[in-house]
Every structure is written in structure tokens, then in C-alpha cells.
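Working from the sequences, and respecting the hints, build out all of it.
Spelled out from the first residue to the last, the chains are:
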Amino acid sequence: MINIIVYFTGMGLSIFWGTGFTKAEVSIHYPLVRPQQQKWSFSGPFGVYDRAQLQRGLKVYTEICATCHSLKFVAFHNLRALNYDEQEIKSFSNQFAIKDGPNEEGNIFTRPANPTDHFPAPFANDIQAAFANNGAIPSDLSLIARARAVPRPFPNCLTDILKNYTTAGADYIHALLTGYETTLSLEQKISAGKWYNPFFISGESIAMAPPLYDGRIVYDDGSPQTRDQYARDIAAFLTWTADPHMETRKKYGLRVIIFLTLYTGLIFFVKRRIWADYDKGHRS
Amino acid sequence: MIKEKGTYRPKTRCSRFLNHRLPFPRLIHDSIIKYYVPKNLNYFYTFGCILILMLTSQILTGIVMAMHYVPDVGSAFESREHFMRSGRYGWLFGPWHAVGSSFFFIAVYIHLARSLYYGSHKSPREIVWILGVFIYLTMMATAFIGHVLAWSMISAAEVSIAAGLFRAMPLVGSWLYETLLGGYSIGQPTLNRFYVVHSLLPFVLVFLIVLHIWAVHMVGQNNPTGLDVQSERETIPFVPYAAIKYVFTISIFLIFFAWFLFYMPDYMSHADHHIQADIFRTPQHVVPEWYFLPFYTMLRAITFDVGPLESTLFGVMVLTGSLLILLFVPWLDRSQVRSARFRPLYRICYWLFIVDVIFLGWLGSQSVNDVDVIWSQIGTAFYFIFFLIIMPYLPRFEKNWLPASIEEVIHQKK
Chain A
1 MINIIVYFTG MGLSIFWGTG FTKAEVSIHY PLVRPQQQKW SFSGPFGVYD
51 RAQLQRGLKV YTEICATCHS LKFVAFHNLR ALNYDEQEIK SFSNQFAIKD
101 GPNEEGNIFT RPANPTDHFP APFANDIQAA FANNGAIPSD LSLIARARAV
151 PRPFPNCLTD ILKNYTTAGA DYIHALLTGY ETTLSLEQKI SAGKWYNPFF
201 ISGESIAMAP PLYDGRIVYD DGSPQTRDQY ARDIAAFLTW TADPHMETRK
251 KYGLRVIIFL TLYTGLIFFV KRRIWADYDK GHRS
Chain B
1 MIKEKGTYRP KTRCSRFLNH RLPFPRLIHD SIIKYYVPKN LNYFYTFGCI
51 LILMLTSQIL TGIVMAMHYV PDVGSAFESR EHFMRSGRYG WLFGPWHAVG
101 SSFFFIAVYI HLARSLYYGS HKSPREIVWI LGVFIYLTMM ATAFIGHVLA
151 WSMISAAEVS IAAGLFRAMP LVGSWLYETL LGGYSIGQPT LNRFYVVHSL
201 LPFVLVFLIV LHIWAVHMVG QNNPTGLDVQ SERETIPFVP YAAIKYVFTI
251 SIFLIFFAWF LFYMPDYMSH ADHHIQADIF RTPQHVVPEW YFLPFYTMLR
301 AITFDVGPLE STLFGVMVLT GSLLILLFVP WLDRSQVRSA RFRPLYRICY
351 WLFIVDVIFL GWLGSQSVND VDVIWSQIGT AFYFIFFLII MPYLPRFEKN
401 WLPASIEEVI HQKK
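These protein sequence lines are chains A and B, in that order. Numbering-wise (our numbering), the first sequence opens with residue 1 and increments by one. Numbering-wise (our numbering), the second sequence opens with residue 1 and increments by one.
If you're looking for bench data, these hints aren't it; they were derived computationally from the structure. Here the structure is a predicted model, which means the values were calculated and not measured. Be aware that a few hints might be false.
DSBU-like mimics (lysine-lysine), calculated; alpha carbons at most 30 Å apart, straight line [what the hints assert, rightly or not]: (1) B/K413 x A/K280; (2) B/K413 x A/K271; (3) B/K245 x B/K413.
Partial selection, computed: residues in chain A whose CB lies under 8 Å from chain B [said to hold, decoys possible]: (4) F73; (5) R146; (6) A149; (7) L158; (8) T159; (9) S202; (10) I206; (11) M208; (12) R249; (13) G253; (14) V256; (15) I257; (16) Y263; (17) Y278.
From the structure, some residues in chain A lie toward chain B, with a derived Cβ separation under 10 Å [said to hold, decoys possible]: (18) K72; (19) V74; (20) N78; (21) I108; (22) L143; (23) I144; (24) S191; (25) K194; (26) A242; (27) M246; (28) K251; (29) L254; (30) F268.
Here a beta-carbon is modelled for each residue, glycine too, at the ideal position from N, C-alpha and C.
Listed below in C-alpha cells is the structure:
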């Protein structure tokens with residue numbers, strides 16, 4: 001009986017709305033596969049950056065990423081936050097060449113970078129960058145960890161508030177860099193010069209060739225020299241470049257929240273006291 | 001000598017001096033300290049005060065942000081980023097201003113919902129309500145323009161969509177479009193005028209809020225029963241009784257604010273907000289800030305032409321209508337009873353309306369291909385049905401029981 005009612009109601013509604021209930025064509029969502037949540041030293045309200053990991057990440061950036069990607073918002077002296085001393089930063093920055101000028105003769109010249117300089121861009125302009133990279137412009141990486149946070153669907157987006165899930169960007173970078181698939185099924189057609197990566201946020205194929213493989217970079221602190229470890233380190237480093245003041249912010253946050261909680265408690269008792277006096281005075 | 005009304009008696013020499021020249025202390029005394037409010041106000045009545053706090057916080061942080069901002073298409077994004085990275089407390093001011101705007105809207109939505117529930121829009125508070133709607137509209141304009149100033153990928157996309165809506169208007173459309181953008185497309189003139197307007201509108205807000213508060217003080221505050229205050233016994237002085245409740249709610253509100261500000265400053269914004277604007281590239285999926293989402297859905301719901309009206313123009317009309325309809329709420333609602341507490345039928349409709357607005361907001365956050373447009377159309381239809389049919393005609397079917405006075409309600413509770 002109920003089935004019949006439901007059936008007729010459904011029919012009535014579908015006639016009423018006409019073609020309204022025909023399902024919209026199935027849309028493809030990118031990334032095809034959502035990044036897995038990883039463990040990070042900087043996740044959670046008390047999370048801090050792991051200096052050694054940031055230093056390894058910097059090594060990955062300079063040896064691999066920097067060939068194509070700029071890091072324009074980061075200055076060499078910012079690396080102080082990675083526990084490098086001034087001398088180390090000076091010698092590190094001297095490895096980079098900076099275009100400066102005009103000098104007294106009016107010429108543009110090249111000089112070694114100073115600690116006050118920002119990381120130089122690998123390409124002179126976007127057109128050169130696109131020409132060298134099969135038409136795709138490599139993104140600036142300074143803010144990439146905050147610009148590539150894959151939105152999470154309901155209800156995760158709400159539980160994220162309580163769980164303080166803020167590492168979506170790092171999870172994405174790790175997933176993307178370790179997510180290249182070289183064995184493709186026959187149906188998958190990837191245009192020439194592109195690479196299939198189901199974790200890529202804006203399509204199924206990405207113009208960046210798989211940048212990391214085991215043993216590509218030599219670590220001097222004994223960390224595993226695997227693709228997975230490289231991806232973790234660069235993700236941590238790029239989270240730092242995107243949010244360099246995270247630790248200060250969390251430190252202040254803790255103080256503010258502790259203060260406000262105590263203050264609220266005090267106000268609660270003051271309020272009870274004031275209203276108790278009122279009730280006493282008006283009990284007539 | 002001016003006749004002295006009220007209970008204010010200047011005690012110090014300085015205040016006596018002022019009292020005869022510029023009686024500012026008297027104004028404060030009469031409008032805050034010896035201001036009598038109904039004694040049954042609940043915590044939802046404290047959001048007006050929270051809103052003043054949020055406006056102040058937005059203005060102060062905004063001044064700091066403006067000092068470090070360069071309204072130039074080439075350096076706007078960088079100047080903001082530079083301040084937040086290297087400026088003194090830039091890491092605090094940037095997110096404070098951004099997260100603050102979201103919390104300003106959270107507070108204003110609670111404030112609006114409370115007014116609608118307890119019938120604070122009804123006589124004699126029509127002007128209070130209308131000024132409130134104007135404040136809300138100005139806030140939306142300010143927030144939208146401010147969001148564009150960040151000159152991120154998403155702001156450039158948003159402003160081109162919004163300007164396109166103005167262009168859809170008949171006759172004046174192209175003039176409006178070009179005036180808004182300062183040219184035929186988004187560019188330097190757009191950013192310049194947006195910067196000026198964003199710095200100007202907060203002071204319009206201050207002006208409107210002064211009028212709003214003035215009007216509230218004229219007619220007195222509504223209360224959860226919606227009944228008029230009948231005797232002095234039903235009121236309490238604002239200080240300390242109501243004020244301490246205000247301080248309590250403010251500090252709880254600030255805990256939530258601090259959680260987002262310090263621990264998840266990106267939560268309420270879009271990831272594309274961290275990409276520099278490039279007018280030749282548009283993001284795949286343009287979503288406005290969360291506080292615009294219900295209205296954005298209503299715009300997108302109109303996918304069909306109505307007679308001579310093209311779908312875009314009709315969509316713009318629906319969007320404008322959905323906001324302007326709020327101005328007529330005091331006259332659309334024909335109920336004699338103010339508070340939804342004593343209107344069981346209206347109470348059901350009210351909660352359906354709230355669910356509908358949240359549903360519309362959720363639809364707005366989804367990409368067009370994912371959810372059937374029919375849901376947006378149903379949601380939009382219910383939004384208008386609530387104002388145009390339920391509000392005026394529901395009172396005919398309501399049989400309301402109303403207590404005699406606020407005192408009676410308080411005694412019943414005990």
C-alpha cells in the first residue's frame with residue numbers, strides 16, 4: 001500500500017516538475033582521488049615545525065623545485081627561522097645570482113644574492129616560463145600550501161573545526177608528488193607532454209613531470225632518501241613558506257584563549273552575584 | 001538655566017563644567033547607565049553589542065591594513081602579503097581583519113534571526129528594522145569590496161561576475177557596469193575606486209548604527225515575550241544587570257573568534273584567495289564568501305526566461321528582491337502578536353525558513369553540475385513564500401493565546 005502511495009506521489013511530483021528530476025550529467029571532480037590525511041609535526045593547536053625537516057625541505061626545493069618554480073615571497077634572511085645562522089645564510093644566498101642595477105654606468109648587472117634578497121625566479125617572465133614548460137607556467141610556491149587546500153565535503157568540513165584540521169595543503173602536496181601513476185589503463189588518454197596524476201587539483205593530467213624518485217637527493221642527517229620522505233619534507237617546507245608565523249600565532253592564541261576562558265568564568269560568577277542581589281531585593 | 005531632567009547629577013567640577021556646555025556625560029548616563037530595559041531579555045539580545053564591538057575591531061584593524069596597502073593592480077596582493085609576513089604584527093592584523101568580517105556576519109545573522117523570531121520588526125520598531133536592513137546591506141557591500149581589495153584570483157572573478165549582474169539591468173546597465181569598474185573591464189581604476197569606497201563605507205555604517213541605536217532608545221527594546229512593558233517593575237537598569245550579560249556573551253563569542261583567528265584563519269575563506277589575481281585566468285569554481293551564498297544560489301536558481309525577461313535579468317531581480325523584501329517585512333507581517341513564542345504555526349514556518357536559508361547556502365557552495373537546479377528553485381520559492389504568503393496570511397489561521405504581561409510570564413516560569 002505504502003509503495004503504491006510513494007509511487008504515485010513520485011509520479012505526480014515528477015510530472016509537476018517536468019524534467020526537473022532528470023539527473024544532471026555526472027560531473028567529474030578534481031582531484032579524482034582525495035589526499036589522505038598525513039601526520040605532521042605542525043598539525044593541531046600545539047603543532048610546531050620540525051626544523052630538521054624544514055632544512056631538508058629547503059634542500060629539496062633548491063635542488064629540484066627551484067629549476068622551474070619561484071619562491072618570490074621568501075627572503076634569504078627568513079631562513080633564520082630554520083635555525084641557520086647568519087654566516088650560513090650568507091654563503092647559501094651567495095650561490096644565487098640576482099639581476100640588479102642600473103649601476104653608475106647605467107647597466108644592469110648580475111651579482112650574488114644577499115641575505116636581504118628574495119629567492120630569484122628561474123625564468124625572466126611568464127612567457128619564457130611557459131615556453132620552457134610545454135605551455136604551462138610553473139606556479140610560485142610561496143603560498144602554494146594554502147592555495148591548494150582541497151575542500152572537504154560535508155560533514156568532514158564541520159568536524160574539521162573541532163579537529164583543527166589545517167594541513168589540507170601539506171596533505172595535497174604530499175599526495176600529488178607521490179601520486180603519479182605510470183601504468184595507465186587503455187581508456188585513459190593523456191595528451192603528449194602531460195602526466196597522469198589522480199591527485200592533481202585541476203585536471204587528470206599535470207604538465208609537471210614526476211619530480212621525485214628514491215635516492216635523488218642526498219640527505220646528510222640520515223633520513224630515508226625515499227620519494228615519500230622527500231615529498232613530506234617539501235610539503236612541510238612549503239607550509240612554512242606559506243605560513244611562516246604559524247608558531248607565533250598559535251602561541252598567542254593559547255594565551256588569548258586561556259585568558260578569555262578564565263575571564264568568562266569570572267564574569268559568570270559576577271553575573272550570578274549581581275542577579276542574586278537583584279532577586280533578593282525584589283522578592284516581595 | 002536649562003531644566004535638568006533625568007537622574008544625572010554631575011559630581012566633579014569638570015563634569016559640572018561640561019554639563020552646561022556639552023552634556024556628553026549626561027548623554028552617556030541617560031542612554032546607557034540609567035537606561036531601562038525589559039528584565040526578561042535573553043542572551044540573544046546581546047548581539048547588538050557584539051556587532052558594535054566587531055565594527056570597532058574591523059575599523060581599527062582596517063586602518064592598520066589600509067596603511068600598508070598599495071591600491072595598484074601590480075602590487076596590491078604583494079603589499080598585503082608583505083605586511084602579513086614582515087610587518088609588525090602583520091600576521092595578526094591580516095587574519096584578524098579577514099576572520100573578523102566573517103564573525104561580524106555571524107553576529108549580524110544571529111541578530112537578524114532573533115529580531116525575526118521575537119517580532120522586533122513590528123510596530124513601533126519599523127524604523128529600527130529598516131535601519132538595520134540598511135546596515136546589513138552596507139555591510140555586504142563593504143565586505144564584498146574589501147574582499148576584492150585582496151586582489152586574489154577569486155576576488156577578480158567575483159568582481160567580474162558582480163559587475164556582469166549590474167550590466168544585465170536594462171537601460172542603465174552598461175553605464176552602471178562602466179561606472180563600477182571605471183572602464184570596460186576590471187583594472188587599475190576598479191581597484192582605486194574600490195579602495196576609496198571600502199574606506200568610506202564603514203563611516204556610513206557608523207552613521208547608520210547611531211541612527212539605529214537612537215531609534216531603539218526612542219521606542220525601547222523588545223523582549224522575548226513581545227509584550228509591551230507595562231510597569232517599571234518589568235524593567236531593570238541596563239547597568240549592571242543587562243550589561244553583565246552582555247560582557248558574558250561577548251567573552252564567549254570572543255573565544256570562538258580566537259579559535260578561528262589563531263588556529264584556523266583560512267577556514268572561512270577559499271584556497272584560491274592565496275593566488276594572485278590574473279585577469280586572464282579564472283578559477284574553475286567561483287564561490288563567494290559564505291555570507292553571500294544563499295543569495296548567490298537564488299541568482300543561480302533562475303535558469304529560465306520569464307516572458308520578455310531574460311534569465312540573467314530575472315536572476316538579478318530575484319537577487320535584488322530577496323534583499324529588498326526585507327525592507328517591507330514590518331508591513332508584510334500582519335500578525336497582532338509579536339513574539340513567535342506565542343505563535344506555534346509561525347514558529348514552525350520560521351524554523352523552516354532558517355533551514356531553507358542554510359540549505360540555500362549549502363547549495364551555493366556546491367558546483368552547478370553537482371546538484372540539480374530544481375533544489376535551488378524550490379529553496380528560492382520557499383524564501384519568497386515565507387515573506388509574501390506566510391507572513392501576511394498565516395495570522396488569519398492563527399489562534400494565539402497571549403499572557404497579560406511580562407510579569408505573568410516570569411512568574412509562570414518560576
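Structure-based check of each hint:
The straight-line distance between the Cα atoms of B/K413 and A/K280 is roughly 17 Å, inside the 30 Å bound, and the hint therefore holds. At most 30 Å may separate the alpha-carbon atoms for a hinted pair to count; B/K413 and A/K271 meet this at roughly 20 Å. For the suggested pair B/K245 and B/K413, the alpha carbons sit about 20 Å apart, so the restraint of at most 30 Å is met. Proximity of A/F73 to chain B holds as hinted, the smallest CB-CB distance being about 6 Å (cut-off 8 Å).
Annotation: interface hint on A/R146 holds; nearest CB of chain B at approximately 4 Å, less than 8 Å. Because the closest C-beta pair between A/A149 and chain B is about 4 Å apart, less than 8 Å, the hint holds. The restraint placing A/L158 at the interface with chain B is violated, with a minimum CB-CB distance near 11 Å, outside the 8 Å limit. Given hint, A/T159 at the interface with chain B, is violated; its Cβ is 12 Å from that chain's nearest Cβ, farther than 8 Å.
Because the closest C-beta pair between A/S202 and chain B is about 6 Å apart, less than 8 Å, the hint holds. Hint on A/I206 is violated. Least Cβ distance to chain B is approximately 15 Å, over the 8 Å limit. About 17 Å separates the beta-carbon of A/M208 from the nearest beta-carbon of chain B, more than 8 Å, and the hint is not met. Against a cut-off of 8 Å between C-beta atoms, the interface hint on A/R249 holds, since the closest Cβ of chain B lies about 5 Å away.
The criterion of a C-beta within 8 Å of any C-beta in chain B is met by A/G253, whose closest approach is roughly 3 Å, and the hint holds. Taken as an interface hint, A/V256 checks out: its beta carbon lies about 5 Å from the nearest beta carbon of chain B, inside 8 Å. Satisfaction of the interface hint for A/I257 is found here, the shortest Cβ-Cβ separation to chain B being roughly 5 Å, below the 8 Å cut-off. The restraint placing A/Y263 at the interface with chain B holds, with a minimum CB-CB distance near 5 Å, inside the 8 Å limit.
With a least beta-carbon distance of about 6 Å to chain B, the hint placing A/Y278 at the interface is held under the 8 Å criterion. Residue-level restraint check for A/K72 holds (minimum Cβ-Cβ distance to chain B is 8 Å; threshold 10 Å). The beta carbon of A/V74 comes within 9 Å of a beta carbon in chain B, closer than 10 Å, and the hint placing it at the interface holds. With a least beta-carbon distance of about 8 Å to chain B, the hint placing A/N78 at the interface is held under the 10 Å criterion.
Look at A/I108: its Cβ only gets to about 20 Å from chain B, farther than 10 Å, so that hint breaks. The closest approach between the C-beta of A/L143 and any C-beta of chain B is roughly 4 Å, which is under the 10 Å cut-off, so the hint is satisfied. Taken as an interface hint, A/I144 checks out: its beta carbon lies about 8 Å from the nearest beta carbon of chain B, inside 10 Å. This hint is violated: A/S191 has a C-beta 18 Å from the nearest C-beta of chain B, more than the 10 Å allowed.
With 10 Å as the threshold, the beta carbon of A/K194 stays out of range of chain B, its nearest partner Cβ sitting at about 17 Å, so the hint is violated. For A/A242, the suggested interface contact is upheld, since its CB lies about 7 Å from the closest CB of chain B, less than 10 Å. Interface hint at A/M246: satisfied, since its Cβ lies 9 Å from the closest Cβ of chain B, which is below the 10 Å cut-off. The beta carbon of A/K251 is positioned within 10 Å of a beta carbon in chain B (closest approach about 9 Å), and the interface hint is therefore held.
Taken as an interface hint, A/L254 checks out: its beta carbon lies about 8 Å from the nearest beta carbon of chain B, inside 10 Å. The beta carbon of A/F268 is positioned within 10 Å of a beta carbon in chain B (closest approach about 6 Å), and the interface hint is therefore held.
Comparing the model with each numbered hint stated earlier shows that hints 7, 8, 10, 11, 21, 24 and 25 do not hold.
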